[in-house]
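**Student:** These protein sequence lines are chains L and C, in that order. Position one of the first sequence corresponds to residue 0 (numbering that gives the first Met the number 0), numbered consecutively onward. Position one of the second sequence corresponds to residue 0 (numbering that gives the first Met the number 0), numbered consecutively onward.
These are computed hints drawn from the structure, not numbers from a lab. Keep in mind that this is a model prediction, so the values were computed, not measured. One or more hints might be untrue.
Stated by the list, open to error - Lysine to aspartate or glutamate pairs mimicking EDC-like chemistry, simulated, CA-CA at most 20 Å apart: (1) C:K59 to L:E226; (2) C:K207 to C:E419; (3) C:K235 to L:E226; (4) C:K202 to C:D300; (5) C:K202 to C:E419; (6) C:K59 to C:E221; (7) C:K202 to C:E185; (8) C:K207 to C:D288; (9) C:K235 to C:E221; (10) C:K207 to C:D190; (11) C:K207 to L:D213; (12) C:K202 to L:D213.
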Amino acid sequence: MTRYEFAEDRQAPTLIARFIQRAHIDLTLLVALLLLAGLGLTVLFSASGQDAGLLQRQGVRLAAGFAMLLLLAQVPPYLLRQWTPWLFIAGLLMLLAVLGLGVTGKGAQRWLSLGPVRFQPSEMMKLAVPLMIAWYLAEHPLPPRPGRIVVAVVLIALPAVMVARQPDLGTALLIAASGFFVLYLAGLSLRLMLVGTLAAIPAALALWQFGMHDYQRQRVLTFLDPERDPLGAGYHIIQSKIALGSGGVYGKGWLNGTQAHLEFLPERSTDFIFAVFGEEFGLIGALLLLTLYLLLITRGLYITTRAQDTFSRLLAGSLTLTFFVYVFVNTGMVSGLLPVVGVPLPLVSYGGTSMVTLMAGFGILMSIHTHRRLLPT
Amino acid sequence: MSAQITIKDYIQESQLTLNRTVLALAVIALLFAALVGRLTWLQVTSHAHYRDLAQENRVKIEPLVPTRGLILDRHGRRLAVNLPAFSLELTPELVDDLEATLAALGELVEISDSDLERFRSLAARQPAFERLPLRFRLTDDELARLAIDRHRFPGVDVQARLDRYYPYGAALAHALGYVGRINVAELQTLDPVAYRGSTHVGKLGVEKAYEAQLHGVVGLQEVEVNAQGRELRVLKRTAPAPGQDLRLALDVDVQAAAIAALNGQHGAVVAIDVRDGGVLALVSEPAHDPNLFVHGISRDDYATLTASKARPLFNRALVGRYPPGSTIKPFLGLAGLASGTVSANQRKYCPGFYQLEGREHKYRDWKKQGHGPVDLHDAISQSCDVYFYGLAHELGIERMHDYLAGFGFGRATGIDVGGESPALLPSPAWKRAARNLPWYPGETLITGIGQGFMQATPLQLAVATAQLARGGLAVTPRLVLEPAAPPPPRPPPSVAFDPAHFRLVVGAMTDVVHGARGTARRIGQGAEYRIAGKTGTAQVFGIAQEAKYEEEAVAKHLRDHGLFIGFAPADDPRIAVAVVVENGGSGSRAAAPVARAVMDRYLLGNRW
Numbered sequence: 000m001t002r003y004e005f006a007e008d009r010q011a012p013t014l015i016a017r018f019i020q021r022a023h024i025d026l027t028l029l030v031a032l033l034l035l036a037g038l039g040l041t042v043l044f045s046a047s048g049q050d051a052g053l054l055q056r057q058g059v060r061l062a063a064g065f066a067m068l069l070l071l072a073q074v075p076p077y078l079l080r081q082w083t084p085w086l087f088i089a090g091l092l093m094l095l096a097v098l099g100l101g102v103t104g105k106g107a108q109r110w111l112s113l114g115p116v117r118f119q120p121s122e123m124m125k126l127a128v129p130l131m132i133a134w135y136l137a138e139h140p141l142p143p144r145p146g147r148i149v150v151a152v153v154l155i156a157l158p159a160v161m162v163a164r165q166p167d168l169g170t171a172l173l174i175a176a177s178g179f180f181v182l183y184l185a186g187l188s189l190r191l192m193l194v195g196t197l198a199a200i201p202a203a204l205a206l207w208q209f210g211m212h213d214y215q216r217q218r219v220l221t222f223l224d225p226e227r228d229p230l231g232a233g234y235h236i237i238q239s240k241i242a243l244g245s246g247g248v249y250g251k252g253w254l255n256g257t258q259a260h261l262e263f264l265p266e267r268s269t270d271f272i273f274a275v276f277g278e279e280f281g282l283i284g285a286l287l288l289l290t291l292y293l294l295l296i297t298r299g300l301y302i303t304t305r306a307q308d309t310f311s312r313l314l315a316g317s318l319t320l321t322f323f324v325y326v327f328v329n330t331g332m333v334s335g336l337l338p339v340v341g342v343p344l345p346l347v348s349y350g351g352t353s354m355v356t357l358m359a360g361f362g363i364l365m366s367i368h369t370h371r372r373l374l375p376t
Numbered sequence: 000m001s002a003q004i005t006i007k008d009y010i011q012e013s014q015l016t017l018n019r020t021v022l023a024l025a026v027i028a029l030l031f032a033a034l035v036g037r038l039t040w041l042q043v044t045s046h047a048h049y050r051d052l053a054q055e056n057r058v059k060i061e062p063l064v065p066t067r068g069l070i071l072d073r074h075g076r077r078l079a080v081n082l083p084a085f086s087l088e089l090t091p092e093l094v095d096d097l098e099a100t101l102a103a104l105g106e107l108v109e110i111s112d113s114d115l116e117r118f119r120s121l122a123a124r125q126p127a128f129e130r131l132p133l134r135f136r137l138t139d140d141e142l143a144r145l146a147i148d149r150h151r152f153p154g155v156d157v158q159a160r161l162d163r164y165y166p167y168g169a170a171l172a173h174a175l176g177y178v179g180r181i182n183v184a185e186l187q188t189l190d191p192v193a194y195r196g197s198t199h200v201g202k203l204g205v206e207k208a209y210e211a212q213l214h215g216v217v218g219l220q221e222v223e224v225n226a227q228g229r230e231l232r233v234l235k236r237t238a239p240a241p242g243q244d245l246r247l248a249l250d251v252d253v254q255a256a257a258i259a260a261l262n263g264q265h266g267a268v269v270a271i272d273v274r275d276g277g278v279l280a281l282v283s284e285p286a287h288d289p290n291l292f293v294h295g296i297s298r299d300d301y302a303t304l305t306a307s308k309a310r311p312l313f314n315r316a317l318v319g320r321y322p323p324g325s326t327i328k329p330f331l332g333l334a335g336l337a338s339g340t341v342s343a344n345q346r347k348y349c350p351g352f353y354q355l356e357g358r359e360h361k362y363r364d365w366k367k368q369g370h371g372p373v374d375l376h377d378a379i380s381q382s383c384d385v386y387f388y389g390l391a392h393e394l395g396i397e398r399m400h401d402y403l404a405g406f407g408f409g410r411a412t413g414i415d416v417g418g419e420s421p422a423l424l425p426s427p428a429w430k431r432a433a434r435n436l437p438w439y440p441g442e443t444l445i446t447g448i449g450q451g452f453m454q455a456t457p458l459q460l461a462v463a464t465a466q467l468a469r470g471g472l473a474v475t476p477r478l479v480l481e482p483a484a485p486p487p488p489r490p491p492p493s494v495a496f497d498p499a500h501f502r503l504v505v506g507a508m509t510d511v512v513h514g515a516r517g518t519a520r521r522i523g524q525g526a527e528y529r530i531a532g533k534t535g536t537a538q539v540f541g542i543a544q545e546a547k548y549e550e551e552a553v554a555k556h557l558r559d560h561g562l563f564i565g566f567a568p569a570d571d572p573r574i575a576v577a578v579v580v581e582n583g584g585s586g587s588r589a590a591a592p593v594a595r596a597v598m599d600r601y602l603l604g605n606r607w
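So here's chain L without its partners, still in its complex pose (with noise of 0.2 Å):
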């Protein structure tokens, strides 16, 4: 009978070493999450203008974002894997109960109390899709077959337009991309994906002109192009622009940005932060920053390839195309390539609901490469 060893049965050569590999840490996403939230909470002071109270609350929230990580680092995939579909119904249930008696937060029902405790059954499902449509697919040999790609497309869908009707349309975006990246990994054919595609054109078109109020095409047309609207969306951008444009190579260095400490800069602190960051530290600390972030990125991908199976393969991957998303489509909005969009920047943007999330991401990520059997010995 072939002998397998476990990753963390083998004998490592420090003490520290072998610490990590007790508490199925991996070293590389560590170091680089480190060293994001610290860069993080740096530009943060300065874009808040220097609220200590403010960091300390961005503090405490990163804290509970990396004990969330360890802890899901320490749950072996295959029990994930059982829990996942018990995972995937309760976080149903509760969004139907968000749509029935949700605690109303800034216009949108998005909130639910149980007790002391106020969370976000739409976050829970950034993790819970992804699981259910690995653990779906993975039953069965890959590339799947027609039905069972349009039972995936149901279960992705259920929870986004749920989501959606919070409403809460970028977080249901984000959903739906989790669940079609599982799927785009399974082998979804890419002739499929182009159709598919090519299809959404008319049906977009029939939308516009049968389906759409004139207001919502107004926020349509402002939506991709914000220069119609100098006094909002408009607004970020130019200034935005301005800032990053501003800070040149060298940047104005730390606490100099006057984009931003002028206030020019709406929502420094929150979705437009990576502004600051290019203000004050210029295109090298914009590149150092997302080096950081292709860091996490390859290193994710990394672990998808070395993963030894089809569900946890699944599951890494879309863990972090979907991390991938995040990042581009903030830098993206930030710098003018793309629309404005309510995303934040992972780890760097103050507020913690989807940050704690996305650590748990990443604690998957880790427990799937530190539970690997190695070879035969």
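Use these hints to put chain C onto chain L, whose structure you have.
**Tutor:** Only chain C this time, still in chain L's reference frame:
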């Protein structure tokens, strides 16, 4: 065996995902490269440009709110205007301690709880760099106090705005509607670009229906500001395009004459230009002061208005549903002639009551002793109920429904301001659907005198009267003359009747006013033109079979509604009028004089 297959699948699947991962990585690399390219372009290539922009970035962009279009009457008198007023505004982002500032401002100017409440709800949903109104209509004293202490309040501005004002107040409330502050629900549906900086939107009536024309197009200006945010000079300005002025068909004098003639009684008056459907007067009494709503009505004022039994907010002219009573008779007379149910010279004997064959129940005439032998002409001019009981019985409810529908009863008139009730034109099909009950023959009889289920709005009555005056040619009422609205998508059907029938009915209606025994002969005295009209009295209160209706004995709110419809001059109709006086008693005494006053004012001007 099966283990081998699994292993094969495993390798294949592993390879598949690997391929997909590599492809994804390639796309990611490409997108990152695009991002780096973009950053390089911004931060290296265009650095000098943006550095200059940032150095000069003392530029704030402000919306320039367009001036709302005026509303004028047909002679150009101003019914809705814009008056300059000063408001106190705050930019939350520039205020260090919002609560302390609000408290300190409260000592200089009066800030009510509802002002604070509104400000806080605005602040919760608008970005912090947006300037938000705190108080409207500052007094001169308050302006002076603010000017002295202005240095104490960075981020606080006094802004000159134009406020909507309705010089005629309550007299035109139901005709014009009003503007009010944009609320949360409207925020969702208004175009955010077009309404940037706008604080008000049409809420009702003309102001709402013609919002697109009245609002205008927003402009913007780039303003240079110093580091404290104080504006230094305007760099670039795109002027707003003011809203379009509207000219109404309404004549303020006619409107005033109608209100004066109602003399404080509750009711409605609608006058229509027979030739083009222009609404000359649209009165619903009592009314409220629309100026109260412009800046958000106080809770107390609103509670007073809604709690009032007189219902001043209720637009009786457009949504008040009244039994038309005997005013329905000219239309049914035409139906009777057209269908051949009655002929012009055929006489019927009126003993003062009508009985269905084999039934005990007596359907009574308003004149207890009866009218004796009457033909259609007499039946209309003297308003004989018994004649019309018989006519209705022979015509049947289905045909009555169809003929009356031809005059627009039971259907919205399509008036350009909308917000009207279709009221109710009953039919057996309607009763089955709405009440799940069969139609009884007795109900046909009372429909014949405009009682029972039948209901009409004063607007519908006026429109039907105008159509009668035009020889059956349908007319769509409209408040706004210019800019001309597009014609209604489905113009109401005209009815084709024999012109001889029209002459007969109009002749009878002329005798209502000018005949020796006409029910409204009192208003015909001294008239310089001839009026064709019809009185109506609508029961509010059911009377027992043998009891006599004693007006004095019945509580005011249970007394009959008085109605009158008519047009003038009878031989060359120009104006059609419908009057409803709630609990006013008989149509001849309460409603007809109001119509005469309206017609006099329109046809004779100031000479009466």
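**Student:** Now tell me if each hint is right for this structure.
**Tutor:** Now for the hints, and whether the structure bears them out:
1. C:K59 to L:E226: Holds. K59 of chain C to E226 of chain L sits at ~15 Å (cutoff 20 Å).
2. C:K207 to C:E419: This hinted pair holds, its Cα atoms lying about 14 Å apart.
3. C:K235 to L:E226: Holds, at about 16 Å.
4. C:K202 to C:D300: The hint holds at about 18 Å.
5. C:K202 to C:E419: Holds, at roughly 15 Å.
6. C:K59 to C:E221: Within the cut-off at roughly 6 Å; holds.
7. C:K202 to C:E185: holds (10 Å)
8. C:K207 to C:D288: holds (17 Å)
9. C:K235 to C:E221: Answer holds: K235 of chain C to E221 of chain C is near 5 Å, not above 20 Å.
10. C:K207 to C:D190: Measuring from Cα to Cα gives roughly 15 Å; hence the hint holds.
11. C:K207 to L:D213: holds (17 Å)
12. C:K202 to L:D213: Roughly 19 Å between the alpha carbons, so the hint for K202 of chain C and D213 of chain L holds.
The structure is consistent with each of the numbered hints, conforming to all of them.
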